[in-house]
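Add chain U to chain F, keeping to what the hints say.
Here the protein sequences line up with chains F and U, keeping their order. The opening position of the first sequence corresponds to residue 1 in my numbering, with each subsequent residue numbered one higher. The opening position of the second sequence corresponds to residue 222 in my numbering, with each subsequent residue numbered one higher.
Since the hints were derived computationally from the structure, they do not count as laboratory data. Accuracy of the hints is not assured; some may be wrong.
[What the hints assert, rightly or not] List time: in silico PhoX-like cross-link candidates among lysine-lysine, alpha-carbon distance up to 25 Å:
1. F:K208 to U:K569
2. U:K569 to F:K219
3. F:K208 to U:K543
4. F:K219 to U:K543
5. F:K219 to U:K501
6. U:K543 to U:K398
7. F:K208 to F:K219
8. F:K201 to F:K139
9. U:K398 to U:K227
In this text, all values refer to a predicted model and were calculated from it rather than measured experimentally.
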Amino acid sequence: MRILLVEDDLMIGEATQGALNDASYATDWVKNGLTALATLDTQHYDLVLLDLGLPGKDGLDVLDSIRTRNNPVPLLIITARDDLGDRLRGLDGGADDYLLKPFDMAELLARIRAVLRRKGGAALSVLDNGLVSLDLISKQATTLENSDVQLSSREFALLQALMIRPGAILSRSELEDRIYGWGNEVESNAVEFLIHALRRKLGSHVIKNVRGMGWMVSKSV
Amino acid sequence: MDGFKKRLRDSVQLRLSVTLSLAILIVAVLAGIFAFVSAFDEAHEMQDDTLRQVAVLFDRQQVSLHYPASQEVDGDNEESRVIVQYLADGSKAIGNDDTLIPLPFPTTLADGFSTLNVTDEDFRVLVRTTARGERIVVAQETGVRDKEARESAWRSLLPFLILFPVLLLVVGDLVRKLFRPIAALSADIDRRDEQALHPIDEHHLPTEIRPFVVAINRLLARVAQSMENQRRFVADAAHELRSPMAALSLQAERLAATEMPGPARERLLPLSRGIERGRKLIDQLLSLATAQASSDRPQTAVSIHEVFRRVLEDLLPLAERKRIDIGVESIEDVHVTINEMDLLLLVKNLVDNAIRYTPHGGRIDLSVELTRETAILQVKDSGPGISAEEQSRVFDPFYRCLGTDEAGSGLGLSIVKAIADRTGARVRLSYSDEMKKSGLCVSVWLK
Numbered sequence: 001m002r003i004l005l006v007e008d009d010l011m012i013g014e015a016t017q018g019a020l021n022d023a024s025y026a027t028d029w030v031k032n033g034l035t036a037l038a039t040l041d042t043q044h045y046d047l048v049l050l051d052l053g054l055p056g057k058d059g060l061d062v063l064d065s066i067r068t069r070n071n072p073v074p075l076l077i078i079t080a081r082d083d084l085g086d087r088l089r090g091l092d093g094g095a096d097d098y099l100l101k102p103f104d105m106a107e108l109l110a111r112i113r114a115v116l117r118r119k120g121g122a123a124l125s126v127l128d129n130g131l132v133s134l135d136l137i138s139k140q141a142t143t144l145e146n147s148d149v150q151l152s153s154r155e156f157a158l159l160q161a162l163m164i165r166p167g168a169i170l171s172r173s174e175l176e177d178r179i180y181g182w183g184n185e186v187e188s189n190a191v192e193f194l195i196h197a198l199r200r201k202l203g204s205h206v207i208k209n210v211r212g213m214g215w216m217v218s219k220s221v
Numbered sequence: 222m223d224g225f226k227k228r229l230r231d232s233v234q235l236r237l238s239v240t241l242s243l244a245i246l247i248v249a250v251l252a253g254i255f256a257f258v259s260a261f262d263e264a265h266e267m268q269d270d271t272l273r274q275v276a277v278l279f280d281r282q283q284v285s286l287h288y289p290a291s292q293e294v295d296g297d298n299e300e301s302r303v304i305v306q307y308l309a310d311g312s313k314a315i316g317n318d319d320t321l322i323p324l325p326f327p328t329t330l331a332d333g334f335s336t337l338n339v340t341d342e343d344f345r346v347l348v349r350t351t352a353r354g355e356r357i358v359v360a361q362e363t364g365v366r367d368k369e370a371r372e373s374a375w376r377s378l379l380p381f382l383i384l385f386p387v388l389l390l391v392v393g394d395l396v397r398k399l400f401r402p403i404a405a406l407s408a409d410i411d412r413r414d415e416q417a418l419h420p421i422d423e424h425h426l427p428t429e430i431r432p433f434v435v436a437i438n439r440l441l442a443r444v445a446q447s448m449e450n451q452r453r454f455v456a457d458a459a460h461e462l463r464s465p466m467a468a469l470s471l472q473a474e475r476l477a478a479t480e481m482p483g484p485a486r487e488r489l490l491p492l493s494r495g496i497e498r499g500r501k502l503i504d505q506l507l508s509l510a511t512a513q514a515s516s517d518r519p520q521t522a523v524s525i526h527e528v529f530r531r532v533l534e535d536l537l538p539l540a541e542r543k544r545i546d547i548g549v550e551s552i553e554d555v556h557v558t559i560n561e562m563d564l565l566l567l568v569k570n571l572v573d574n575a576i577r578y579t580p581h582g583g584r585i586d587l588s589v590e591l592t593r594e595t596a597i598l599q600v601k602d603s604g605p606g607i608s609a610e611e612q613s614r615v616f617d618p619f620y621r622c623l624g625t626d627e628a629g630s631g632l633g634l635s636i637v638k639a640i641a642d643r644t645g646a647r648v649r650l651s652y653s654d655e656m657k658k659s660g661l662c663v664s665v666w667l668k
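The shape of chain F in the complex, shown without the other chains:
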């Protein structure tokens, strides 16, 4: 895997390149937008990490140039600009993800893996948050204690809804929407019943209740 890092800050560039090398990614580091475009013309990369505040040519312009040349390389923006307009312009302009400085290396690596996975076209067949993994094809869940627990289709639908974005809180009505199709009669306490069943099968710590708000599974660790 070869990654192009476009970053003008020496300290961050050094640290990021080092960490990426540690994680076994071959990393080339350029410090301005024009060099980045020239390098992309001559060399194939599996992923670009792009800073927005670049000397010479702004990061968003670099992104624009890459996309108008029909280069589909996966691209992740890393920036200190936390304003919503820039974020939207970046994502609309063809970036695959957007990460705000300062960031944790672990998070950057996770985002890189996610972008590569999506771009690789390999349909995601397993959802995993570190505590529990859910096989989307066999509808089996695996935790540290129990492996390959078979779930009913409603239990599976509920757990899947929570596992799509670990850490997100879903309310009762949102979960009901996911479990029941249009026109199905919603049984009262169905959500509590299913969560009770899931906890019994997988352990009580798997699904957490947030008082007054809803339920969630823990964010990936």
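Frame of chain F; chain U shown alone:
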């Protein structure tokens, strides 16, 4: 008396009123004296004129004088009577009584006016030598003359007596009215809060104080500019510090991933924690600078429960680490019109604070309630609470309550206050449990 002198020295309004009143009083008194004296003299002159005309009349008509023998004539009054007699008859006077003529005038009198005391009464006397060579005396008692002159003099004072109080009232009222815009202006400026540095409206103000107001406006503009510069400096500094801090924390993370002996790993942990704390502090500084920036941000209808949810998603790991039971108490959601980022930052800082200062196994409740016009948002925790003495200070940047070993940035409540000030919200601190005086309850009235 000293107090009055000081007030007189300090107050233009009082000085103006007093000076004008004194000026009016002095002018009125002088003019009054002059009018009195001249009216008095005028009256005497007119009376002398009458005596002269009577003498001339006798002279021209060549009237021979007969002294009536004490019979009453209708309309006669002894007091105001004009007496005419031959001067030579003075020696034939019957007695020492002014009701009977001839009166005993001394026969040696020279021609012209004089004032004499005859029969114990003062008389104004005119002696004239007629064409026939007789000397006649025309006389009148001075008592009645003076009385009439005084009356006419007093009458001439009447306009001043009316004018003086009226003028005083008019001057007092006028001065008060003229100074009213200044009083209104100062009350207006007094009501401003410290963030309101917009210029004072200088229209509708008297030209005399307009230059003063223009100068104040220029000062306000300079203060606003310097505050803005300061805020921008903090924002820029925080922003610039972010990159090296990010690099530092990345390097620490890399270091943690390498093989290293146990003691080294032990020492790496506090280092990483220190870096983490620095990062957090810089983030909070940047948030505070952003919160204080006065730029207008787009407002939309924001669901408070949605904001609660996003904040809880963010901060739940922190709460779980301390086994804190955190949740939302209110069932009904409320929508308010506000900038979403502002509200998010406000709630996030309140909840972050609550988690920080609530002990292990504690409880935090979020709620929102709609009253007539406002939405009241509350964050209650089961921590130690903030004493009444400290409640006003905790909004100061970098202030931390004594006796807490929590490594917070000390900026959380400052950020909350800055956002509240800018969005017109009101923040109040109290105890969650008023009886036990424990637990912090932060209530925010959103507009």
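**Asked** Taking only the CA atoms, is the gap from K201 of chain F to K139 of chain F under or equal to 25 Å?
**Response** holds (13 Å)
**Message:** Would the hint linking K543 of chain U and K398 of chain U be met if the CA-CA limit is 25 Å?
**Reply:** violated (66 Å)
**Prompt:** For the pair supplied as a hint, K208 of chain F and K569 of chain U, is the alpha-carbon distance within the 25 Å limit?
**Reply:** holds (20 Å)
**Asked** Within 25 Å, alpha carbon to alpha carbon, are K569 of chain U and K219 of chain F?
**Response** holds (18 Å)
**Message:** Would the hint linking K219 of chain F and K543 of chain U be met if the CA-CA limit is 25 Å?
**Reply:** holds (17 Å)
**Asked** Is it true that the CA of K219 of chain F sits at most 25 Å from the CA of K501 of chain U?
**Response** holds (20 Å)
**Prompt:** Given the hinted pair K208 of chain F and K219 of chain F, is their alpha-carbon gap at most 25 Å?
**Reply:** holds (11 Å)
**Message:** What's the verdict on K208 of chain F and K543 of chain U, does the C-alpha distance respect the 25 Å limit or exceed it?
**Reply:** At roughly 15 Å apart (the allowed maximum being 25 Å), K543 of chain U and K208 of chain F satisfy the hint.
**Message:** Check whether the Cα positions of K398 of chain U and K227 of chain U lie no farther apart than 25 Å.
**Reply:** holds (23 Å)
The earlier numbered hint that this structure contradicts is number 6, and it is the only one.
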